[in-house]
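Required output: the full structure, derived from the provided sequences and hints.
Read off the chains here:
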Amino acid sequence: MARILPRLIVLVCCAIASAGALVAFPAAQGRAAGTESASPPARRIVSLVPALTEMLFAIEAGGRVVGVSSFDTYPPEVKKLPKVGALLDPDTERILALRPDLVTMYGSQVDARLRFERAGIRTFAYRHAGIGGALAALRELGLVTGHRTQADTVVTRIQTRLDALRARVRNAPRVRVLLVFERTPQTLRNMYVSGGAGFLHEMLEAAGAINVFADIKQESVQPSHETLLSRAPDVILEVRARGLIKPEDAARERATWSALPSLPAVRTGRIHLLTGEQLVVPGPRLAEGADMMARAIHPELFR
Amino acid sequence: MSVGEAPRQETTTLADGIGSRGPAIRLTGAIRTRLAGTVLIFGTITLIVCVAAPLVGSTRISLIRAFDRSIPFTDNLDAQIFFIARLPRVLAGAIVGATLAAAGVVFQAMLRNPLATPFTLGVSAGASLGAMLAITLGASMSLGPLSPIPLASLAGASLAASVVYWLAKPSGRAMSTAILLLAGVTLNSFFSALIMFVQYVADFAQVFAAFRWLMGDLDIGGFEPIVAALPLVVAAFVMFAWLPSSLNLLSLGHDAAASRGVDVVRAQRLAFISGSLATSAAVSLAGPIGFVGIVVPHLVRLLVGVDHRLVLPASALFGAAFLVACDVLSRLLFSPVEIPIGVVTAMIGGPFFLWLLVRRG
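The listed protein sequences derive, respectively, from chains A and B. Using this note's numbering, the letters of the first sequence correspond one by one to residues 1 to 303. Using this note's numbering, the letters of the second sequence correspond one by one to residues 1 to 361.
Read the hints as simulated data drawn from the structure, not as lab findings. Each residue gets a CB set at the ideal place from its N, CA and C atoms; glycine is no exception. A hint or two may mislead.
To be verified - Derived CB-CB ranges, DEER-like:
1. Pro72/B / Arg161/A: 24 to 32 Å
2. Ile348/B / Ala172/A: 30 to 38 Å
3. Val238/B / Thr256/A: 32 to 40 Å
4. Leu114/A / Leu167/B: 52 to 60 Å
5. Ser335/B / Leu301/A: 52 to 60 Å
6. Leu114/A / Leu47/B: 27 to 35 Å
7. Ile273/B / Asp249/A: 33 to 41 Å
8. Phe197/B / Leu143/A: 37 to 45 Å
9. Thr153/A / Gly350/B: 50 to 58 Å
10. Ile273/B / Thr268/A: 45 to 53 Å
11. Ala52/B / Thr268/A: 46 to 54 Å
12. Leu301/A / Val51/B: 30 to 38 Å
13. Val343/B / Glu117/A: 35 to 43 Å
To be verified - Calculated lysine to any residue pairs in the SDA-like style (CA-CA distance at most 20 Å, straight line):
14. Lys246/A / Leu137/B
15. Lys83/A / Phe334/B
16. Lys217/A / Thr136/B
17. Lys169/B / Ser58/B
18. Lys246/A / Gly138/B
19. Lys79/A / Val358/B
20. Lys246/A / Thr136/B
21. Lys169/B / Leu182/B
22. Lys217/A / Phe334/B
23. Lys217/A / Ser58/B
24. Lys217/A / Pro340/B
25. Lys83/A / Arg94/A
26. Lys169/B / Asp255/B
27. Lys83/A / Arg266/B
Structure below.
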């Protein structure tokens, strides 16, 4: 067991990064290596992070994307593009063969980054860090692709939408919400919920909720049965990427919560299973995700 | 390394163990008194820890309210915290701690190796592979109170134990401890490789869930998982009751044991099956929690000597107290955030074990 631990730790760090249980990381993240505005805009881009792929398409640089990660599914255009591995297994040979002049990747892929820079390819490293981090990355991608105005438009659109949402829920009663993004099916074990940091927490607040774990300044928290009981959420939101909970299993998964009958959310039946990548990918669709959360938390405002 | 030589040095003191090969109940006078004293002392420690453990936690609860029957259970937060969040995990901790510590004693004696643990022969790696597969494939098969992941880990553990048993069993002769150890170590590596492969092809969220399972978890949130594991645990402990005297002699070597009338083949088989059964049940209930099975037996030997008729019951009792106490630490140290129980046992057990080695060396 000891021998596989280092390997597992690497896997887990990556999992943390991608599953939305995010490594805490300060301030704005995206940063293009080497020369910034002086170099010509990127023409052939390989994107190894789904959130960045979405951003490139959103700022109308999608036509320049020549390869994407094996986890990319959005927008639909990416399905036709070559898949070149992802966080753990970027396929250097295939990526080089696509002759990119920019590879966008996750901040933890240090080795891959050095490899591409040695080959004279620019890299753009990014780490998930709240809504602000996603907006900053959009702007910086605008700079390296020469699509600055489009990027500014997208950022403004997201901010406007979030502001409108905040305005809408401003006078609604504050609801105490538990946001779950992972647990073992049919049990309340192995659970990961949003703490008081990161994009999920910020989306939840924009949706007019009080995160019951806001005081724990981590992006993910593993609550025990005891802390779940004592935090007493009014509403439970479970968010998953598409397809992780099958619709036919949804009723059973909701019923799992009746093991904790004193939770206000269980008594009033306010347990919502939301699926959609916009909920768990900190990309240009995050305002839509926040909107989905708000509709579940404050249905009376959206009639 | 003197830890390993200890049983041999005290050969003479074991003399009164010879000839009483039946259940531990049939004992001569002197040992009966010592056993009663040992069980009394370790039992008291365990009882105190297990009674105190459900009283503490990240939340302050009122016991009077928790036991107030006039409040309906669904409205009684204190009762729910006590009966859903705390009592099941203390019970699970006691059962798993006792089982792993006792299995550790059995494997150390049977393999005549002080470094043996309940996980040495690949049972936990098999269980982990089963659990990984269940998590990755999103299995939803269940059997009575056994939910998918415990079920799959039990299946994996049985597979691993059967393979090792089949490899090391020449018909009618004793199993070679060298072959058992080598088979176990190889199977551990092989299953670890399969686990890595499964994780490599799995979804990130599943890898994360699976990795968390490997750290152990006693927060089982109800009594059903205990009910599911209990028949196996009871069966294992019934077999343990027949073992101590033959373990005393097995730990001296097969020839010595045989020359004093031990049916080595039968004793070995009983030790292997009961140890594997106990380990499988514990791992399926709470994941592979390390160090309990090695630290507790060695600590107990320091206190009560090497006679397995004392070491086995004392280790079971002390294992229960140790794991429940570690779980209290895991709940309280960074409350309300918890530290995985496997991390706590390793952080306490590792340095302690090194100290033990240095001190005795």
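Exercise. Which hints from the list above does the structure break, by number from lowest to highest?
Worked result: Numbers 1, 2, 4, 5, 6, 11, 12, 15, 16, 17, 19, 27 - these are the hints that the structure violates, sorted from lowest upward.
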